[in-house]
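Spelled out, the chains give:
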Amino acid sequence: MNVYESIVIAVDSVRAHKLRSSLTLLSIGIGVFAIIASSGITGTLQQTVSSQLADLGENSMLIQRTPSINFGHSWRKYRTRKDITPDIARGLRERMTTTSLISVSNTNNGFTIQSGQESSNPDVALIGIDDMYFEVNAISLQEGRAFTEQEATIGNNVAIIGTDLLPLFPDGKPLGKTITIRNQQFTVVGVLERKGGIIGQSQDNRVLIPLAVFIKYYTFRWDTSVDIAIKAYTKESVAATFDEAVGIMRTLRDLKPWEENDFEIDLNEALAGQFNNLSMAIVVVAWISGLGALVAAGIGIMNMMLVSVKERTREIGVRKALGARRRWITRQFLIESVTLCQLGGATGVAGGLLTSWGVTLIVRTTSVPGLDFVFPWFAVVFSVIACTMIGVGFGLYPAWRAASLDPIEALRYE
Amino acid sequence: MSDAIIDIRHIAKVYEMGNEEVHALRDVSLTVGANEYIALMGPSGSGKSTLMNMLGCLDTPSSGTYLFNGQSVGDMSDDDLAEIRNQEIGFVFQTFNLLPRASALQNVELPLVYSGAPRSERSRRAEDALTRVGLADRIDHRPNELSGGQRQRVAIARALVTQPSIILADEPTGNLDSKTGQDIMALFDELWRSGNTVILVTHEEEIARHAQRIIRLRDGLVESDQPNEFHATPL
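Heads up: the protein sequence lines correspond to chains P and F, in order.
Count along the first sequence from 1, then add 207; that gives the number in my numbering.
Count along the second sequence from 1, then add 964; that gives the number in my numbering.
Mixed in with the good hints there might be a few duds.
Said to hold, decoys possible - A short, non-exhaustive set of chain P residues, derived as facing chain F with CB atoms under 7 Å:
no., residue
1, V525
2, A528
3, L529
4, G530
5, A531
6, P614
7, I615
8, R619
Rather than coming from a laboratory, the hints here were simulated on the basis of the structure.
The structure presented is a predicted model; accordingly, all values stated were derived computationally and were not measured.
The beta-carbon is built from N, C-alpha and C at its ideal position, and this holds for glycine as well.
Only chain P is shown next, with the shape it has when bound in the complex (with noise of 0.2 Å):
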C-alpha cells in the first residue's frame, strides 16, 4: 500500500503542477530519447550493413589506393600515393597462386544516362568492369547476360544497368536498347539484380561497361587508379590470400621493406568492422549527450522533489506524529523520485523507439528493402536502470531533509 501510494502522490504531484514537473521529465525524456534512438537506428542499420557486406563476397578482400571508409586519418598521406594501374592489376592477376578469383574495376559517379527521349538522374555509378567481376564479388543479373571475355577485354559498346534505371525504358523492355553515356551509345545487354542500399545510397543506381571502354572514354586523367577484387577460395585460405597479394602488391610497387604499403588492402569483413567503429562513434556520443542531458534532469529532479518536501512539510509531521519511521519518510520520498523519472524515462523510450523504428521504415521503403528493426533491448534497460539510479541518487537528499524534519516544527508549519 505505501509504494502504491507513494506512486499514486507522484503523479499526482505531476498533475498538479504541470509546468514545472513537465520540463523536467521532458529533459529526462531527451536523455532517454538519446540512447534509445540511436541505439536503434544504429542497431537496426549495424544488422543490415553487416549483412550487406558480407553479401559482397565472404573471403573477399579489396585493393584500393586509398581506403574506402576513411575516417581520422589525414588525407594527405594518400593524395601522393601512385595509380594502381590497370599493369600493375594484370601483373598482380599473373602473379597470384593462391586463387584466380580477381576482378579489376574502376567507378566514377555523377553520370546521366539517357536513351531514346528519357533522361535518368545526373548521379548514376559507372563501373568499368572485367569478365571476373560478377563471380568475384557474388553479383547476379535479374535479365540478360554478363559480358563475354571478349567484349570486356577488347571493349565493346556493351552495357549492364541496375534495376534503378529501367524506367527509362517505358515498355520495360531494356535488353537490346541503346543509351547514351556522354555521346558514346551502348547495347544494353543485362539487367542487375535488386540489391537495396547501405546507409540510403542505392546499390541499383548503377551501369557496368567493360572496363576497357571505361578506361578510355571515362577515366578522369587524375584519378585512372583502378580496384582489384580478389576472392580467397576458402575461408581457410583467406589469409595466405592476403598475404600473397600484399607480397605481389608491393614487388610490382618497388616497395622497399622498411616503406610502408602504398595502397589499401582489406578483407570485407575489415570494412564491417571499420562501418562498425563508425556506427560505435555515433552511438557513444549519442549516449554520453543522452547522459549528460540526464544527469541535468536529476538535478531537475533534485529541485522540484525539494520543493515537494517543502509543501508537504505538514503532511510529513503528522506522518512522523503518527509513527513514521525515517526509513519510512525516506522510502515514500524515493519511490516518488523515482517514479518521476521513470514517467520522464517512458516518454523517452517510448519516443526513441518510435523515432528510430520510422526511420527503420523510411529507409526501407526508400533504399533498403530488406531491412528489419533492431529492438535496442540492451538501451530500453539500460535507460530504466539509469532512470531508477537518477531517480533513487538525486532523490537522495531531499528524501534526507524530509525524514530529518523535526515533527513538531513541522507539525507547526503553515
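Given the coordinates of chain P, assemble chain F onto it according to the supplied hints.
Then chain F, alone, in the frame of chain P:
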C-alpha cells in the same frame, strides 16, 4: 505508582533561541493513571504546548525523567520514539491534519500501515474505528467531502485505531462551531467512559469542565493539579 501510564519527575525543557535560553518547562512532575480524563490548561507561554509535545513523545526533556509504561523516554532514538507514538499514543489535532488526497478509511489506516499490520486487518480495524465515531457510511469520502465535525471524527478514529494507552487531543474543538464542538466532546466523554485515557489540551474552561482532573500550568511550572469539582458524568 507502578501502574501509571505516564510518570514524569522533575522534567525541564530549555530551548536555545539565539543567545538566549528559554525555559519552557522548569520543574514539572506528574503521573497519569489508566482511564484518567485530564484537561491540561494554561495561558500561552505557560509551557502547555511543550508539555504536550513531551507527553506525546514528540520531544524529549532536557533534564528529569519521563517513564512511559515504565520505559524511559529520555534516552530513546527517533525511531524508538516513533514506535511509541505509533503504538501508545493517539493524536487529535486542532486542525485535524488529515491527508487531503486519501479517503477517510485510508487516513485511519495510516498508523496501522506504519505498525506493519496486514492489509486485511488494517481495513477491518479502520472500519471498526470509523463505526465507533459514527462515520460508517463515510469511509470512502475524502476530507474535502466531509464537514469539520466529520473530519475531526475521522481524526479521532485515526487516534483510536491502534488502541493506544492515551489519547492526546490538542484543542480538539478549536476549529469547530460550539454545537459541533459539544458533539466532539461528547465523543471524548464516551471514549473515556469506555475505558480510554484522555488528555485534553485546552484554554477553554467549558471544555476543561468535561475532564475529571484539571492541571494548570504557568511559567513552566504546575500551578495547580486537582480533581474537577464540576465534573459530573453526563447521562
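Cross-check of the supplied hints:
1. Taken as an interface hint, V525 (chain P) checks out: its beta carbon lies about 4 Å from the nearest beta carbon of chain F, inside 7 Å.
2. Interface hint at A528 (chain P): satisfied, since its Cβ lies 5 Å from the closest Cβ of chain F, which is below the 7 Å cut-off.
3. The closest approach between the C-beta of L529 (chain P) and any C-beta of chain F is roughly 5 Å, which is under the 7 Å cut-off, so the hint is satisfied.
4. Taken as an interface hint, G530 (chain P) checks out: its beta carbon lies about 2 Å from the nearest beta carbon of chain F, inside 7 Å.
5. Given hint, A531 (chain P) at the interface with chain F, holds; its Cβ is 5 Å from that chain's nearest Cβ, closer than 7 Å.
6. The closest approach between the C-beta of P614 (chain P) and any C-beta of chain F is roughly 5 Å, which is under the 7 Å cut-off, so the hint is satisfied.
7. Checking I615 (chain P) against chain F: minimum C-beta separation of about 5 Å stays under 7 Å; hint holds.
8. Given the 7 Å rule on beta carbons, the hint for R619 (chain P) is violated: about 9 Å separates it from the nearest Cβ of chain F.
Against the hints set out earlier in the document, a violation occurs for number 8 only.
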